[in-house]
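Each chain, written out:
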Amino acid sequence: GESVGLHLPTLSVQEGDNSIINCAYSNSASDYFIWYKQESGKGPQFIIDIRSNMDKRQGQRVTVLLNKTVKHLSLQIAATQPGDSAVYFCAENIPSGYALNFGKGTSLLVTP
Amino acid sequence: DTAVSQTPKYLVTQMGNDKSIKCEQNLGHDTMYWYKQDSKKFLKIMFSYNNKELIINETVPNRFSPKSPDKAHLNLHINSLELGDSAVYFCASSSIGEKLFFGSGTQLSVL
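Listed in order, the protein sequences are those of chains A and B. Just so you know, the first sequence maps onto residues 1 to 112 in the working numbering. Just so you know, the second sequence maps onto residues 1001 to 1111 in the working numbering.
For the record, the hints were derived by calculation from the structure and aren't laboratory data. Computed from a prediction, not measured in an experiment: that's the story for all the values here. Every residue, glycine too, gets a C-beta built ideally from N, C-alpha and C. Be aware that one or more of the hints could be misleading.
Label-pair restraints from in silico Cβ distances [what the hints assert, rightly or not]: (1) A:71 <-> B:1073: 47 to 53 Å; (2) A:15 <-> B:1062: 29 to 35 Å; (3) B:1008 <-> A:14: 19 to 25 Å; (4) A:14 <-> B:1062: 48 to 54 Å; (5) A:70 <-> B:1052: 36 to 42 Å; (6) A:31 <-> B:1051: 21 to 27 Å; (7) A:42 <-> B:1073: 40 to 46 Å; (8) A:111 <-> B:1016: 42 to 48 Å; (9) B:1005 <-> A:31: 26 to 32 Å.
Please put together the full structure from these sequences, using the hints given.
The following block contains the structure:
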């Protein structure tokens, strides 16, 4: 999920397939992680979160996996739908707790 | 009811002007934020306020001045606008250490 060059990394999947979006976070002291979805012209919208005492958390069609050893976070979306097309951001808390640092985003494109 | 609302949604102005963006939240949160999103979609924290007190002030030019009249409001005033200020500005709120709720953004275009 890290940006390369000038463009957002893009993941293109077919409708009905599963999607996996990856993110590397930077601060080993972070203990709270969140995935956000941003549709065009809108603000980031909360999808799912996980605290560092867990390595997996499931929601409706979404699963977040946390690997603290390698500072890696992933978002799995089951049975991807056209409405899932958006930019996805991972975020980690600043240890003071007073803000989130965002990753560079991954654009998910769902094709019929 | 909109949880975090910011106005205006679009702001087009000339270089050198002064402008303000307003933000209000009705979620009862004690912490509010301003983020800037650039053309590459990168979201960067500018300021955070907790109970009307400035907590985080990232390396933002002092032409940007946030003001929090009460816990439910955090406004952003920008003096002497420059071309590089063009971006989308997002207000957000949260309880401390919890997920942020974002407004729908203000697209600022400086001509």
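Honestly, do residue 14 (chain A) and residue 1062 (chain B) meet the 48 to 54 Å range at C-beta? 50 Å, holds
Take the C-beta atom of residue 1005 (chain B) and the C-beta atom of residue 31 (chain A), compute their distance, and say whether it sits inside 26 to 32 Å. 30 Å, holds
Between residue 42 (chain A) and residue 1073 (chain B), does the beta-carbon spacing fit 40 to 46 Å? 22 Å, violated
Residue 14 (chain A) and residue 1008 (chain B) - C-beta distance against the hinted 19 to 25 Å: At roughly 39 Å between Cβ atoms, residue 14 (chain A) and residue 1008 (chain B) fall outside 19 to 25 Å, so the hint is violated.
If you check the beta carbons of residue 71 (chain A) and residue 1073 (chain B), does the distance land in 47 to 53 Å? Roughly 36 Å apart at Cβ, these two residues miss the hinted range, so it is violated.
Looking only at beta-carbon atoms, does the pair residue 15 (chain A), residue 1062 (chain B) fall within the given range of 29 to 35 Å? 49 Å, violated
Taking the Cβ atom of residue 70 (chain A) and the Cβ atom of residue 1052 (chain B), is their distance within the range 36 to 42 Å? 40 Å, holds
Taking the CB of residue 31 (chain A) and the CB of residue 1051 (chain B), does the distance hold inside 21 to 27 Å? Taking Cβ atoms as reference, residue 31 (chain A) and residue 1051 (chain B) lie about 23 Å apart, which means the hint holds.
CB of residue 111 (chain A) to CB of residue 1016 (chain B), is that within 42 to 48 Å? 46 Å, holds
Checked against the numbered hints given earlier, the structure breaks hints 1, 2, 3 and 7 and satisfies all the rest.
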